[in-house]
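Engineer: Modelling step: build the complete structure from the supplied sequences, incorporating the hints.
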Amino acid sequence: MFAPGLFDPLTMDEMLAVYAFLFSQPALNLTPIEAADNNDNFVAWLQLQPPNKQQASAWLEQQDQLAAAASGGNSSSVPPPPLLPQPPRTALAMLIQGRQHPPRVAQIAVGPLPQPSNWSYVPLSAQVDTAGWLQRPYSGPEANRVALLINSAAAPLVPLMKEAFDGWYYDPGSTCGSRCLVYSLGAPFGAGPAAAGGSRVGPGSTDGKRWLWIFFYRNLEGHHLHTVGLELQLDVSTEDPAGWAAGQAWLGGTLWPSPQALAAAWNSSRANSSSANSSSSNGSAPGADAAALELLRSFHLPSPDPKDALFSTFVPRSADGTPTAAAAGGVPPASAPRPPLQYEPDGRRFRLSASGLGVEGWMGWSLALGHSPTAGLSFWDVRFRGERLLWELSLQEAYAGYGGPSPTQAHTQYLDGHWGMGAAYKELAAGLDCPSNAAFMDLPVSFNSGPQLTRNAVCVFELSLGQPLLRHWADAGGSPAYYGAVPGSVLVLRSISAVYNYDYVADLRLHLDGSIEVAVHTTGYVQSSWYSRAQQGSTYGYPYSPHNSGTIHDHLLHWKVDADIAGTPNSIRIDSVELQERPGAEGFGGGAPWFSKRMAQSFPDSEGEATLLWNGSSKAQPDKAHGPGLFYIINANATNRWGSARGYRLQHTYSTQQVLPPADKFGNSQGFAWSKYKVAVTARREAEPASSSSLNQPLPYAPIVNFDTLLEASQPDGSSNNSSSSSNSSSSSGDSIVQQDLVLWVTSGLQHLPGAEDAPVTPTSGPALGFWLRPFNYFDESAAASQPDMVYIPALTRQQAEAAAAAAAAGDHTFSLAAAAANGSAANGTAPGRAAAAAAGAGALSGLAASQAGLGRDDMIALVSITGADALTAARRGIQPHVGVPLRQQCMPRPASVPFNGSYAPTFSAAWAVPPGTQPVAAPGSGTGGGGAVNGSGAGNATTPAGSIATYG
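Quick note: our numbering has the sequence shown finishing at residue 953, numbered continuously throughout.
If you're looking for bench data, these hints aren't it; they were derived computationally from the structure.
Given the structure is predicted, the values throughout are model-derived calculations rather than measurements.
A virtual CB, placed ideally from N, CA and C, is assigned to each residue, including glycine.
There may be inaccurate statements among the hints.
What the hints assert, rightly or not - Taking CB as the label site, the calculated pair distances span:
id: 1; residue 1: Val78; residue 2: Arg582; range: 58 to 66 Å
id: 2; residue 1: Gly591; residue 2: Ala756; range: 21 to 29 Å
id: 3; residue 1: Ala756; residue 2: Ser335; range: 28 to 36 Å
id: 4; residue 1: Gln467; residue 2: Arg582; range: 46 to 54 Å
Unchecked claim - As a list, the in silico SDA-like pairs of lysine to any residue whose alpha-carbon atoms are at most 25 Å apart:
id: 5; residue 1: Lys426; residue 2: Pro451
id: 6; residue 1: Lys426; residue 2: Ser355
id: 7; residue 1: Lys209; residue 2: Leu185
id: 8; residue 1: Lys426; residue 2: Pro767
id: 9; residue 1: Lys426; residue 2: Tyr183
id: 10; residue 1: Lys209; residue 2: Ala106
id: 11; residue 1: Lys53; residue 2: Arg649
id: 12; residue 1: Lys624; residue 2: Ser655
id: 13; residue 1: Lys597; residue 2: Pro569
id: 14; residue 1: Lys624; residue 2: Ser596
id: 15; residue 1: Lys426; residue 2: Leu463
id: 16; residue 1: Lys53; residue 2: Gly361
id: 17; residue 1: Lys665; residue 2: Ser596
id: 18; residue 1: Lys162; residue 2: Ser184
id: 19; residue 1: Lys53; residue 2: Asp741
id: 20; residue 1: Lys665; residue 2: Gly208
id: 21; residue 1: Lys209; residue 2: Asp305
id: 22; residue 1: Lys665; residue 2: Pro546
id: 23; residue 1: Lys307; residue 2: Lys426
id: 24; residue 1: Lys624; residue 2: Leu613
id: 25; residue 1: Lys162; residue 2: Asp305
id: 26; residue 1: Lys209; residue 2: Asp741
id: 27; residue 1: Lys307; residue 2: Leu295
id: 28; residue 1: Lys209; residue 2: Asp664
id: 29; residue 1: Lys162; residue 2: Asp741
Structural biologist: In structure tokens:
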């Protein structure tokens, strides 16, 4: 049993020890959440408190020095400095304290682990110590109380439901059988005043209301796509749930002050036609509008037949929507061809750390994993070839803002951290969610419950990209001919968070050249809306069934990137592309002007100057838009061999602009102020670990963390200047960012307008949300050039090419081109090839066999051929023969096919790279001697060999 590392998530044993300790503390007066009522004291969630960077990095540096000394890498006679203690592990517990006066939300630190002995209150953020009762996170105990309120609020509407929804209705007693309605919850829970007059609403304080909007679905598979157009508003503001009450009700485009008013209006709309046509007639609802009554009168949502309901399911079906024979078993028929699988010929090239929650040894990469139940995975101490690139890479928040015809749709602004993105991990399916050869990790989680272990919550695997990372084929003519390539592969760390209807497939991808890719694909069900073409047209979305549609919304994801590029002191550089007019005299004559491009460098001095809005302008100068620019984080004091500052480039993969108005017009914008910026830069401050808070969701207009405050100049004590400037103010440009420990706050977003193809769920085939960090002058050349996967095949002389052809024609399929190149003749060349084949054993001399025989990759081995028997074996295993494509088809014969050579080395016909205008060497096997085995045919006389590049040097 290994002790957890500095950054490892809390273990099950640690969580249990924390709970046991906390429940033994009378001052906290805690109740287990499973038994708690809404106004009890209970633990909402637990997570590890990340260690102090200065202390942890010093300890890690000393550990590196000790490891180097132990391996003989340090021969210094200077005595080592005193050993630093390992920073202690500490837990953070979020408490809902309903029994406090007044009730509140607070956070405590508990430690040291594994056996805690003390606790203390810690601020929720640098801006707020504790949160008010209206800002409490939505919890299991509150959900239980809300369910009781919904029962009473929906009771007057049961007759309406049965009639309007064709027998479907909501009943907590489940007497509805197979025609039950279920409900879901919108967010946020209130809207506050705009920050008028340049002042913000006080962080964390509000005297507003806590409103919930709920909406109903048919309880079918994929119920998210079966909304019925009924929504209820609930007031849950008071400390005592006895004071909670139902508010407004909405049905099919009509809004009513209460469920009772809606029920009365429904009954009025169903009265006889003479009374229904007059709002003042007997039986009409008091104050009911005639147009609203007419909408109710025409409202009817028929029950879908089984075939019509199939669109929201994963039941196998044909293109016309008919369930297939596999529907009952849920698996494709055995006769269906299977998709390709990944194969690791030598086993995994990475290893997990001792604790099982870190990765080491993959092509120079190493990192540690952390975890938050609200935001999910985080990555720490990310290194490439021993040099730290990132101290922390973590998702901060995921925003989804909707538009739609109903109150819930129009007001929905989800901040998914509040709903437990990191707790919404489900077990990953090998072969589907991740390749079957992936390594899997378990994660303990405590969110809205006691400690629970999620099996196979994270997977790690090496992925072949199926394309070269580096590649060139050089023809003869001016320089030696050769072929060189590095096959593209990445190490992927994946988690999938299923937050209610939506699934986030989140990847961290590490590349061979030192690049870091963050990619999040969204899938799962869209949040749907009741649809009426007559009322809505295509204003909010397009239908996927007669009475349902998706609605327009955007996704914005936001990350913290604590970068240490070539050391901790870093700066920002922006290279902008400018147009340059060149004098006509130096061009093509005639004096015509010529336009070209050049680069203009800028080095922002302050946080505001480096923080970019979506139009490319900076926060400090929002009205001055820039042209196309490249954004780098560099160490101005560290250069590569060529004198350029070592750095990494930030490159977005997908971006969309946040279209909501600023806080002076829309108060809720303060809760996700980070969404205004494509990238923001701050000097790192230990007291500002996050750009958002999961507690921003309930009342965003009074946020626990207002990101704009992080961008203001800090005070002498290190805290931010919490001034009364508006969120768009440029009165303060923030702290200096010149050669400081910097943090990048990166946002990526997309607009999603769902269509019919989003049923049953949104595909992952679209662009990923995320960004790249790519080395730029960090190395002296591409780091991939020195990876062991590099393949280099030099050109052959005429003598060597003819020797290869002659050997193949004689049936010698063990001829080694590398040996021929080394010895210079066919006679000398064939012997080493035969010796290698014998050493490798029976069968063809594949690339792997050659390596085992001592003729490895360093010798640039490339084989002329494999035997017919091996071609047959390959065909029987479903491996298609390699078919080459000549570079110059006009002057080179092309054999029909070339057999698979049993290795991953590139294979080429011996005549395919001959320069034009020369007599090419005859392609072995291109005559009448028979072709290679294809799908097993022609086995035994497969005389078409596959070889290395053969051209004149």
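Engineer: Identify every previously stated hint that the structure contradicts and give their numbers, smallest first.
Structural biologist: 2, 4, 13, 17, 21, 22, 23, 26, 27 and 29
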